[in-house]
Amino acid sequence: MSAVLKDLRPVYVLGVGMHRYQFASDTPYIAMGLTALRAALTDAGIEFPAVQSAWFGTTGLGMAAGRILFRHIGSTGLAVQQVENASASGSFAFADACLEVASGRAEISLALGVDKYGDQKRAVLKEGINRLSDTAHVPLVKYALLCRTLKREKGLAAEDLAGVAVKNHNNAATNPFAQFQKPRTLEQVMASTRVAGDLTSLQCTPRGEGAAAAIVVSEDAMRAHGLDRSRAVRVVSSTAGSETLPVGREPGSVAAARAVALRTYAEAGIAPADLDVVELHDAFSIEELLYTEAFGLCPPGEGHLYLRDGRSAVGGDCAINSSGGLIAQGHPLGPTGIGQIHEVVRQLRHENGPRQQPGAETGMAHMIGLGSVAIAHVLRRE
Amino acid sequence: MTTPLEKPDLCALAEDGRTLSLRASRCAACDGLSFPPAPYGCPLCGAAPDRVAEERLSGRARLLEFITIHTRVAPGLRPPLVVGEAEIAPGIIEEIELGVPEDRLALGMEVQAVPARIERDDVESLAIRFVPVADLEGGA
Chain S
1 MSAVLKDLRP VYVLGVGMHR YQFASDTPYI AMGLTALRAA LTDAGIEFPA VQSAWFGTTG
61 LGMAAGRILF RHIGSTGLAV QQVENASASG SFAFADACLE VASGRAEISL ALGVDKYGDQ
121 KRAVLKEGIN RLSDTAHVPL VKYALLCRTL KREKGLAAED LAGVAVKNHN NAATNPFAQF
181 QKPRTLEQVM ASTRVAGDLT SLQCTPRGEG AAAAIVVSED AMRAHGLDRS RAVRVVSSTA
241 GSETLPVGRE PGSVAAARAV ALRTYAEAGI APADLDVVEL HDAFSIEELL YTEAFGLCPP
301 GEGHLYLRDG RSAVGGDCAI NSSGGLIAQG HPLGPTGIGQ IHEVVRQLRH ENGPRQQPGA
361 ETGMAHMIGL GSVAIAHVLR RE
Chain U
1 MTTPLEKPDL CALAEDGRTL SLRASRCAAC DGLSFPPAPY GCPLCGAAPD RVAEERLSGR
61 ARLLEFITIH TRVAPGLRPP LVVGEAEIAP GIIEEIELGV PEDRLALGME VQAVPARIER
121 DDVESLAIRF VPVADLEGGA
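Protein sequences, first through last, are from chains S and U. Read left to right, the first sequence gives residues 1 to 382 (our numbering). Read left to right, the second sequence gives residues 1 to 140 (our numbering).
I should point out that these hints are in silico values taken from the structure, not numbers from a laboratory. Glycine included, each C-beta is placed from N, C-alpha and C at the ideal position.
Here are some chain U residues the structure puts well away from chain S; computed CB gaps all over 10 Å:
#	residue
1	Thr2
2	Pro4
3	Ala14
4	Asp16
5	Arg18
6	Thr19
7	Ser21
8	Ala47
9	Pro49
10	Ala53
11	Ala89
12	Val100
13	Ala116
14	Ser125
Computed from the model, here is a short list of chain S residues facing chain U with C-beta under 10 Å:
#	residue
15	Glu127
16	Asn130
17	Ser133
18	Asp134
19	Thr135
20	Lys142
21	Ala144
22	Ala196
23	Gly248
In silico EDC-like cross-links for lysine to aspartate or glutamate, where the CA-CA straight-line distance does not exceed 16 Å:
#	chain 1	residue 1	chain 2	residue 2
24	S	Lys151	S	Glu302
25	U	Lys7	U	Glu124
26	S	Lys6	S	Glu267
27	U	Lys7	S	Glu127
28	S	Lys154	S	Glu250
29	S	Lys126	U	Asp9
All chains, full assembly: derive it from the sequences and hints.
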């Protein structure tokens, strides 16, 4: 039997921090990264020299981006490794930091995600194999096609798709780290620029940049450094996978997302009904409805009913994307998965202000990356 | 000079000169059919490339879904653009570009790959577009 995270020694998130996600700007990546890092260090009550290793999630900055950034906060000799896994880069950096502490190789580790927009290169374009349609590598098109089918087959209304965006934009309106911070009405979302099929621009994640950081520690570290463990949030599972051969028209990403969610529940020892908050990959509105079903938060085919009934709103059964999600908090790639951890940790500490999910104890951060890869973490306040 | 195919790895001009056949791969180890073709080995069972041979498909497909793309979602694309998903062989569903507007299409319709003249960066080539089979039979 292979081990899962829970079989190893406990690992906790003690500090989180972000630099606001924003449209492309002249802000150097180092400034954004250090803003997030300093916020996470302050939150944890840790000085940078105590951090033994860093996992740096980025998709476009180039070689050695992490070490070049750390020069400006202290050349402490810590271990640095860059992690690239498309949209899930930050999530995988976080997974590595958790595993490093859980394994005993480090007492204090850091996951830092930073990206600027525009430098990303896709390996699929070097595959040397064409596709019938030039849109075949554009996930948006696959999901827009699926929207049309679900509207016909499941009675999904255009308002249901737009409703996801309304909820998430309204969540982001009170999130100081979100790229979009404007409340939106159904009419505004539906009247925004048409992109593909029934999807409008406000139902699609924006392009942008930003940074997010999380500091993970062992129990020994909290004791040795006299840290405030009352705000520590335990990471109870860390689970990754990738696509299998698709069956029918279900996108491989959805099947991979489902498989990883179910495995992470088993590894954490929870059921979907235990989840109070979930951050998930809503790059396009339809995805949130698909994953609500795939993650077992509602029966298959009822994702839009779960949304309509307010069960995914803050204050509902399980607050989905209370940060605003990829649609409204934003999706700068490298930071995105760590930004999800930031939101879940603040929810579980009951420090999330106007977006606080009442009584939140258990949360999941779930991410998809091109390929597709999928990864999930369950966190719990103990 | 004849106009070159934009994607010669995927298709070939059929003998009728009006349609395209598609180049798929058949694996001798698992007997599985793959599309797009599999130059690096069988994606279904992992067999080495020497077990995989070309197999031609007629280019006829069943249209499962279609939408219009209104904005430039990828470099090089010129909206509006009609794309769909179609079953090009039993169990093989691929995204396709359609050569007619949405109002000429219907779900379940038989469509056929045909060459369509395009120009990119001042270079002409024959792209793969799918059109209703009825259009071809009508001599259009």
